[in-house]
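**Student:** The primary structure of each chain is shown beneath.
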Amino acid sequence: MKRRFPRTLWYGLVVVLAAPVLYLALFIRFPITRDVPWASLVMFGVGLGLLLHGLLHAYRHAATSRGKVVAPIALTFSLALTAFFCWTLLYQARQIPDSLGAPRVGQMAPDFTLPDQDGRPVSLAQLLTASPDAVAPAGAGAPADAVQKANGVVLVFYRGYW
Amino acid sequence: MRLVAVSVDPPEVSRDLRRKAGYTFTFLGDPKGDVIRSYDLLHPGAGPGGSDIARPAEFYVDGTGTVRWAFITPSYAIRATPQQMLAEIDAVAGGVNR
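Protein chains in written order, with my numbering: chain A, 1 to 162; chain B, 1001 to 1098.
Honestly, I wouldn't trust all of these hints.
[To be verified] Simulated restraints, written as ranges between beta carbons of each label pair:
| # | chain 1 | residue 1 | chain 2 | residue 2 | range |
| --- | --- | --- | --- | --- | --- |
| 1 | A | W87 | B | D1090 | 32 to 40 Å |
| 2 | A | I73 | B | Y1023 | 24 to 32 Å |
| 3 | B | P1044 | A | T129 | 28 to 36 Å |
| 4 | A | T64 | B | Y1023 | 56 to 64 Å |
| 5 | B | P1010 | A | P31 | 15 to 23 Å |
[Stated by the list, open to error] Okay, derived cross-link-like pairs now, EDC-like style, lysine to aspartate or glutamate, Cα gap no bigger than 20 Å in a straight line:
| # | chain 1 | residue 1 | chain 2 | residue 2 |
| --- | --- | --- | --- | --- |
| 6 | B | K1020 | A | D118 |
| 7 | B | K1032 | A | D116 |
| 8 | B | K1020 | A | D111 |
| 9 | B | K1032 | B | D1052 |
| 10 | B | K1032 | B | E1012 |
In short, the hints are calculated from the structure, not lab data. Glycine residues also receive a C-beta, built at the ideal position from the N, C-alpha and C atoms.
Isolated chain B, as found in the complex:
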């Protein structure tokens, strides 16, 4: 399975982050927040200078496009850890080939 990050950051910001942090997975930019809004994950006014940003949330979408696992955190200080994510996705999707 593949990891894809989504935020309001434009491509150049994500390119910079990827380079600095050494991430190799895909980053998608939604500066207008349309997709984030369609997932009901918009956090209005919470970004720098009162801009709209995404609230944290993680989903596992299987090959058919169905959500099989989701973590909608109650606090931005709490995120699904990689271990938790892999274990829980394995449990619902049954030995996903990583």
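Next comes chain A alone, as it looks inside the complex:
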């Protein structure tokens, strides 16, 4: 009889590989599966369980089953991927400053002047008083129907583009 790899080995590997892919492609878009990545963790858990089942099967039924080498490799790789996912999202991504001195609700936002994407200096005060089209770059401004009375600014600080 031809010896075969346990099916759970492949199913487990597919589920483990799909976990981070689905997180980046889908789960990250919804706060409920992003803020606590439980759906991804469930997938990792199920995948690792299947892999463990496959590994035990390969060893217990060595006469009819293959995978005594592949199964430990697949399981080790999957554990490493799971650990990396957890470390990145649950630890590393949270190693950011507390920013306790950031402006709080009710406080004045510190004014500043910075160059915009075309190198022209723009101040917060200017952004708060000018209508959006007044400081938009010439020729690339908002369409006429989007021109509106200024009523505040959403400031988005971000890590940068690289």
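Place chain B on chain A using the hints.
**Tutor:** The following block gives chain B in isolation, referenced to the frame of chain A:
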């Protein structure tokens, strides 16, 4: 209300990003990090090559310059979504004219 992005990126990098991503809102560059530091949002050494960058944070500043809403995320993997931002700003600022 208007959307304004702030980072350490110089204007040419933001120009490139705007063109590639099709963004039309204003990008402000703070390469020295002075403004980012004044908002206590500097993340020292976290950028490429150990450079200083801003940690993610979002604020709604009303027409008088007062902060009416803020989201200081505990993780860079978590940001305020546009829907969340609009709903929460609407709730505090009462039907902001978009």
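**Student:** All the hints need checking, so say for each whether the structure fits it.
**Tutor:** Hint check:
1. Checked against the hint of 32 to 40 Å, the pair W87(A) and D1090(B) passes, with Cβ atoms roughly 37 Å apart.
2. Roughly 44 Å separates the CB atoms of I73(A) and Y1023(B), a value that falls outside the hinted 24 to 32 Å.
3. Evaluation of the 28 to 36 Å hint for P1044(B) and T129(A) yields a pass: the beta carbon distance comes to about 33 Å.
4. Checked against the given bound of 56 to 64 Å, the beta carbons of T64(A) and Y1023(B), roughly 59 Å apart, stay inside it.
5. Distance hint check for P1010(B) and P31(A): the Cβ-Cβ separation is about 32 Å, which falls outside the suggested range of 15 to 23 Å.
6. Simply put, K1020(B) and D118(A) have alpha-carbon atoms about 15 Å apart, close enough for the 20 Å limit, and the pair holds.
7. With a CA separation close to 14 Å, the supplied pair K1032(B) and D116(A) stays within the 20 Å bound.
8. Restraint check for K1020(B) and D111(A): not satisfied, since their Cα atoms lie roughly 30 Å apart, outside the 20 Å limit.
9. A threshold of 20 Å between alpha carbons decides the hint, and for K1032(B) with D1052(B) the separation of about 9 Å falls inside it, so the pair holds.
10. This hinted pair checks out: K1032(B) and E1012(B) have alpha carbons roughly 15 Å apart, not beyond 20 Å.
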